[in-house]
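Asker: Add chain B to chain A, keeping to what the hints say.
Below are the chains, spelled out letter by letter.
Protein chains: 2
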Amino acid sequence: MEILKERILQDGKCFEGGILKVDSFINHQMDPMLMYQIAEEFVTRFKNENINKIVTIEASGIAPAILVGYAMQLPVVFVKKKQPKTMENMLTTTVHSFTKDRDYTVCISNNFLTSDDRVLFIDDFLANGNAAMGMIDLINQAGATLSGMGFIIEKAFQEGGKILRDKDIHVESLAIIEDLSNCEIKIR
Amino acid sequence: MEILKERILQDGKCFEGGILKVDSFINHQMDPMLMYQIAEEFVTRFKNENINKIVTIEASGIAPAILVGYAMQLPVVFVKKKQPKTMENMLTTTVHSFTKDRDYTVCISNNFLTSDDRVLFIDDFLANGNAAMGMIDLINQAGATLSGMGFIIEKAFQEGGKILRDKDIHVESLAIIEDLSNCEIKIR
Chain A
497 MEILKERILQ DGKCFEGGIL KVDSFINHQM DPMLMYQIAE EFVTRFKNEN INKIVTIEAS
557 GIAPAILVGY AMQLPVVFVK KKQPKTMENM LTTTVHSFTK DRDYTVCISN NFLTSDDRVL
617 FIDDFLANGN AAMGMIDLIN QAGATLSGMG FIIEKAFQEG GKILRDKDIH VESLAIIEDL
677 SNCEIKIR
Chain B
497 MEILKERILQ DGKCFEGGIL KVDSFINHQM DPMLMYQIAE EFVTRFKNEN INKIVTIEAS
557 GIAPAILVGY AMQLPVVFVK KKQPKTMENM LTTTVHSFTK DRDYTVCISN NFLTSDDRVL
617 FIDDFLANGN AAMGMIDLIN QAGATLSGMG FIIEKAFQEG GKILRDKDIH VESLAIIEDL
677 SNCEIKIR
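Quick mapping for you: the protein sequence lines, in order, are chains A and B. First residue of the first sequence: 497, per this note's numbering; consecutive thereafter. First residue of the second sequence: 497, per this note's numbering; consecutive thereafter.
Same shape as in the complex, but just chain A (with noise of 0.2 Å):
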């Protein structure tokens, strides 16, 4: 997706340890503009997939998935990281941060995410796949399908597209990020 390639170019920063900021248009602050544009084409890329539900992890993938709800005219859940009081009925799994270095516990109702359901996961990053793989323990204690995972920029240097391509997943992710040695941005 060229223009989101061409605006990490121009305003993400890189940091020692491989770390891209993107916050003045994706995670902090986001461009909506841009949001839609990226909601967009994931419906183009995912269009022959059998979704009936967006699911993402809060915080910062519930923007591009409501628009892809939005888009789609279908419904979004997002996964929550702490369990609200009022929740019986809710399946749990542990995501590994290596950004925040915590383990913490999320979980998503278990009204909205069931046997019925044909999931297009939607999040910002795919880096370790920690996220990714709480995701799919989460399906698979639903009994839902996987219909396909889409991220808005991929770290190619690090192995969560892997691990998740090679279980036969369809993910797409719309900037790849190959390398950020010397604090330069290598993009494809």
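The set of hints was computed from the structure by calculation and includes no laboratory data. All figures in this text were calculated on a predicted structure; none of them were measured in a lab. Please note: incorrect hints may appear among the correct ones.
Claimed, not checked - Label-pair ranges, simulated between beta-carbon atoms:
1) A:Ser-677 <-> B:Lys-663: 46 to 52 Å
2) A:Met-529 <-> B:Thr-540: 18 to 24 Å
3) A:Thr-588 <-> B:Asn-606: 31 to 37 Å
4) B:Asp-675 <-> A:Cys-679: 55 to 61 Å
5) A:Asn-606 <-> B:Ile-681: 20 to 26 Å
6) B:Thr-595 <-> A:Lys-543: 37 to 43 Å
7) B:Thr-588 <-> A:Thr-601: 21 to 27 Å
8) B:Glu-502 <-> A:Thr-588: 29 to 35 Å
9) B:Asp-597 <-> A:Ile-665: 34 to 40 Å
10) A:Asp-633 <-> B:Thr-588: 32 to 38 Å
11) B:Asp-662 <-> A:Asp-662: 56 to 62 Å
12) B:Thr-588 <-> A:Ile-515: 18 to 24 Å
What the hints assert, rightly or not - Result set (DSBU-like, lysine-lysine): computed pairs, CA atoms no more than 35 Å apart in a straight line:
13) A:Lys-596 <-> B:Lys-543
14) A:Lys-581 <-> B:Lys-663
15) A:Lys-596 <-> A:Lys-577
For glycine and all other residues, C-beta sits at the position ideal for the given N, C-alpha and C.
Answerer: Chain B in isolation, oriented as in the chain A frame:
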């Protein structure tokens, strides 16, 4: 907003202690088509305010905020509940959550909230007004201007709405819950 009120009466669930659960269409599973209508209603109600930025707090505010931002063609910033490793210059404040019964520190980069900003704050619920008061503190720290605060649902039997309106803030709530006694939803 009639369609929202009807949906709350149809799909909202009431629990002991004044809890209204709208997690099948607002804040866990989300209905993007309703959410877009909500965004359009906010645009109409705040059309005479001189706004250049939409701000919300993660996570449930992000979906309505990105749609308001898209409809108004303005950038959207979400205040974060965890401080990212790579955020250097930021403003922080403490918010007490009655729902989750704990204090948490929220933060926003001072690159994305400045004295040039005229902010429309968007959130899903207005109850005690704690998140809103935290937002006002961040806006004051930044020297920004608060142009309005829009909430999908206000609980009129809690004090947040009165506190904000007493400060002469332009507050708009799309559905106002009068009472939840005896687990019955009374809405105006």
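Asker: State for each hint whether it applies.
Answerer: Each hint, compared with the structure:
1. Between Ser-677 (chain A) and Lys-663 (chain B), the C-beta spacing of about 51 Å keeps the proposed range 46 to 52 Å intact.
2. Judged by the Cβ atoms, the range 18 to 24 Å given for Met-529 (chain A) and Thr-540 (chain B) holds: they are separated by roughly 20 Å.
3. Between Thr-588 (chain A) and Asn-606 (chain B) the Cβ separation comes to about 36 Å, which falls inside the hinted range of 31 to 37 Å.
4. Taken as a hint, the range 55 to 61 Å holds for the pair Asp-675 (chain B) and Cys-679 (chain A), whose Cβ atoms sit roughly 57 Å apart.
5. As the Cβ distance of Asn-606 (chain A) to Ile-681 (chain B) is approximately 24 Å, the hint placing it in 20 to 26 Å holds.
6. For the pair Thr-595 (chain B) and Lys-543 (chain A), the beta carbons lie near 39 Å from each other, so the given range of 37 to 43 Å is met.
7. For Thr-588 (chain B) and Thr-601 (chain A), the Cβ-Cβ distance of about 25 Å falls inside the hinted range of 21 to 27 Å, so the restraint holds.
8. At roughly 33 Å, the beta-carbon separation of Glu-502 (chain B) and Thr-588 (chain A) lies within the given 29 to 35 Å, and the hint holds.
9. Evaluation of the 34 to 40 Å hint for Asp-597 (chain B) and Ile-665 (chain A) yields a pass: the beta carbon distance comes to about 39 Å.
10. For Asp-633 (chain A) and Thr-588 (chain B), the Cβ-Cβ distance of about 34 Å falls inside the hinted range of 32 to 38 Å, so the restraint holds.
11. For Asp-662 (chain B) and Asp-662 (chain A), the Cβ-Cβ distance of about 59 Å falls inside the hinted range of 56 to 62 Å, so the restraint holds.
12. Remark: the range hint 18 to 24 Å for Thr-588 (chain B) to Ile-515 (chain A) is upheld by a beta-carbon distance near 21 Å.
13. Straight-line distance between C-alpha atoms of Lys-596 (chain A) and Lys-543 (chain B) comes to about 39 Å, which puts the hinted pair past the 35 Å bound.
14. For a cut-off of 35 Å, the pair hint linking Lys-581 (chain A) to Lys-663 (chain B) stands: about 32 Å separates their Cα positions.
15. For the hint pairing Lys-596 (chain A) with Lys-577 (chain A), the CA-to-CA distance comes to about 13 Å; that is within 35 Å, so the pair holds.
The structure does not agree with numbered hint 13 stated previously, though it agrees with all others.
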